[in-house]
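Visitor: The residues making up each chain are set out below.
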Amino acid sequence: MKITTVRRINQLFFFALFVWFCIVTTVGEKFWQIRNWPINWILQLDPLVALGTIVSTRKFYGPLHCALGVVILTIIFGRFFCGWICPFGAIHQFVGYLGNRGKKVAEKIRLNIYRKAQCIKYLVLVFFLGMAAFPSLAGTLQTGLLDPIPLVTRSFQLVLLPIFDRSAYLTSVNARYYEFGWLIFAVFATAVLLNLVIPRFYCRFICPLGAFLGIISRFSIWRIGKIKSKGIECKMCEKACEGGCEPNGNIKIAECVLCFNCRDGCQHHHIAYKTVPSLAGETQVDVSRRGVVLSFVSGVIVAPAIRLSGKVASNWYTGVVRPPGALAEPEFLKLCLKCGQCMRICPTNVIQPSGLEGGFEGLWTPILNNRIGSSGCQLNCVACGQVCPTSAIRPITLDEKRGLGDFVSAGPIKLGTAFIDQGRCLPWSMDKPCIVCQENCPVSPKAIFTKDVFTTVRDGVVSIKQVTGNAIEIDSSIPADKFSTGDYYVLFEDGSRCKISSNTATSVGIAEAGSSLRSVSEGKLPAVTAGKIEIQVRLQKPCVDIEKCIGCGVCEHECPVSGQRAIRITAEGETRSTDRRLLL
Amino acid sequence: MTEPNQENIARRQLLIRGAKAAASIAATVGVARWLYDPKGPGAKNEEVGFLGTSVKGLPDFSVPRKDGQIISIVKGENRAKTVSKAIELLGGIERFIKPGDVVVIKPNVGFATPPLLGATTHPDVITAVVKLCYEKKASKVIVTDNSINDPASCFTISGISKAASAAGAQVIMPKDSYFSPLTLAGGVLIKDWPVYCAPFAKANKLIGIAPLKSHHRSVASMTMKNWYGLLGGRRNVFHQDINNIIAELAMLVKPTLVILDGTVTMVTNGPTGGSVSDLKKTNTMIASCDMVAADAFGGTLLNLKPADLPYLAISEKADVGTVDYESLKPLRAEVT
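Sequences listed follow chains A and B, in order. Just so you know, the first sequence maps onto residues 1 to 584 in our numbering. Just so you know, the second sequence maps onto residues 1001 to 1336 in our numbering.
Heads up, some of the hints might be wrong.
Reference excerpt, derived from the structure (chain A facing chain B, CB under 10 Å, subset only) [stated by the list, open to error]:
| hint | residue |
| --- | --- |
| 1 | E29 |
| 2 | P162 |
| 3 | N315 |
| 4 | T318 |
| 5 | T348 |
| 6 | N349 |
| 7 | Q378 |
| 8 | T450 |
By construction, these hints were calculated from the structure, which means they are not laboratory data. A virtual CB, placed ideally from N, CA and C, is assigned to each residue, including glycine.
With the hints as constraints, model all of the structure from the sequences given.
Guide: Right, dumping it as structure tokens:
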């Protein structure tokens, strides 16, 4: 079997594995649901994930140890990850192949020449590392924006799967929504379509992971090269060169993705994968020192420049409510890859890729949007922390989340606090009974309690015309049946109050005394025949007990005021930070 | 064929071009005519019945009334035993289920909480009732609800998915496409509102199984409030008129049988509960063909009088059932 065939099978295998891991990132017990599938394995293999978090936190997080293997193998063999494993690379290679079918050989060779601009990816890498390097200034991990594995993960998890699953709903019960999904899609689509301009455009010019692997393949023991110094200049080796590394001439060894197309393409057997450097010459990473220094310094400076917004300090945006177990904001931003795993696993779809609310560096990081999804953050769920590959959201237990067992003294994890917008709340400002928020509060005792009041309705002071039995005729007109819902009362001048059981346009009826429908606690119908009565509504006005509220957002989700909700969660009181504390 | 430098167009060319132009015009006019809509949007569609049929509202699933066998109240701790006894007292499951029936069971699966906390229908009752249905050769039993919390989580954590599947029932999770607009004849609130119709497409029997819970807005959530789970859309707006919506739901749904599980009663912090301290042992199982009677009796387990539950009087007035349950001569028993 040709080595390129082996490579294609390998690429297909890893791509299929990647897609499979995306599909099984679904809460459930069936074989195609999460169970114990190592859904983060490909993210954990990504050496840039490891490198980025090492630079930002100065620690090598345990579950990322697989990346060490990739680094070691790259040092020995070169950029095999790009050509053999990377699922994003496989997509580029395939689309590039489709886009350039039927072109003339000379045109293909021209497309695959080495271009000076391929050094941009090294600058991208150095820039991102610069942003992460100095926590004392404002270390922030932004590699996830362009790191191919997080990029392709979030593109599949948050965009492609929800689109393809729109009718079958294999991976969710109902349609999933991701607020900034369109932007994720735009980046993904652009990267893929650029293959029609130049094959593997992303890999050659942008990919910071490719850049990192290119740098560490400098000492690779085996490498592609010519075994004849003078050959026939047929350039067939460059016809399908994936890396654009010019194997025919002075090979740019850091650009080589080990596709082996040159070796298979050479009819003269002038190309081999050997320990001897190419007899036609070799060039290492081709990037100017000035460029590297400038990029690094830019990164170092851009990070605090972004922080000038104050979004990670006192100007934090109220809507940035993070999932349960998320680290404090500065620590969180050092670890979050924007990979979207938490947003995909979340059974209620409440975790969303954020826009620029949390500052530029917060783009696509997870925030809770209680208006989207099936039900706020569920009390008995800790799925997001379990799937976070870098522990930006800690893998908390249910006990820790709820403040049970060993965590009784710590109390439950609060995501924020619910605030009632009295101007939009039906009982508070519109004299309508409601308390859906109170009903759905999952905390025991409930964090939402009610203050019960009687309020006279609009035009509710009316004069008695005549009293017949339990019916009080009045001298003005009221809407028929409106006050017979069980929520309305008559207040007499002597201060006694009776529930209205029926009403016509000109009378209100009180349930008969002694009838099973008349509650004794509601007072007796006083012996009045004249004077005024007031029609009152009994309102239960919701109030939040901020010591009990955990900020789960179920109330906000359920609030019937469907636009801007009358009860909303903001991050005050969240457990993960001290500066947003509200309670004494 | 065209000769570029010819000054005049050839006759033949002109005829061909003319024919093509005529065909294009004809096609354009044809398409325009086919799609022509003189009214524009806004014209009200005719009221649609149940799943496109002429049935207004939901189909009637009830069985003929038998005086003296309308409501049964069984004391005991073991749900499987009490529910079987309660159904037996009403004439046995054969009165309700005939061979070949397709039965829908509507439990309360509103919240993603474990059975221990009593916020959802206990899986033991589901198991018992599903088994009884299959004993009488029901062809299919469906268990479904439109949950408040995330449906998949609710069905799993409440233990209902597992219990229902183990007993051979099909569990249906709500999907947006399962709802279709319905109007309740004589209703004020349920007008052109999305109702969970799809599970009933082939069903001819419906059994509601509700836990007994206190409820701050409606005072108590029992068999009639359980039908709230059939509403779709942003159904929470109906909380403004909770008593009438419960009564209208009771008018809309004509079940074969309702079961009210008062083995434990949620006395505080309802309807979500969240702690075992919110529950009280009341060891009572009610089976009834009359929802109003079942709920009126159920209220007594929460020390409520019918007057405390205005939806009872409204429903009675609409001929849904009888508030004075004692007048129906409840059948009582105790099992250990």
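Visitor: Look at each hint and say if it fits the structure.
Guide: A quick look at each hint next to the structure:
no. : hint : result
1   : E29  : holds, 8 Å
2   : P162 : violated, 14 Å
3   : N315 : violated, 33 Å
4   : T318 : violated, 24 Å
5   : T348 : holds, 4 Å
6   : N349 : holds, 8 Å
7   : Q378 : holds, 5 Å
8   : T450 : holds, 7 Å
Of the numbered hints listed earlier, those contradicted by the structure are 2, 3 and 4.
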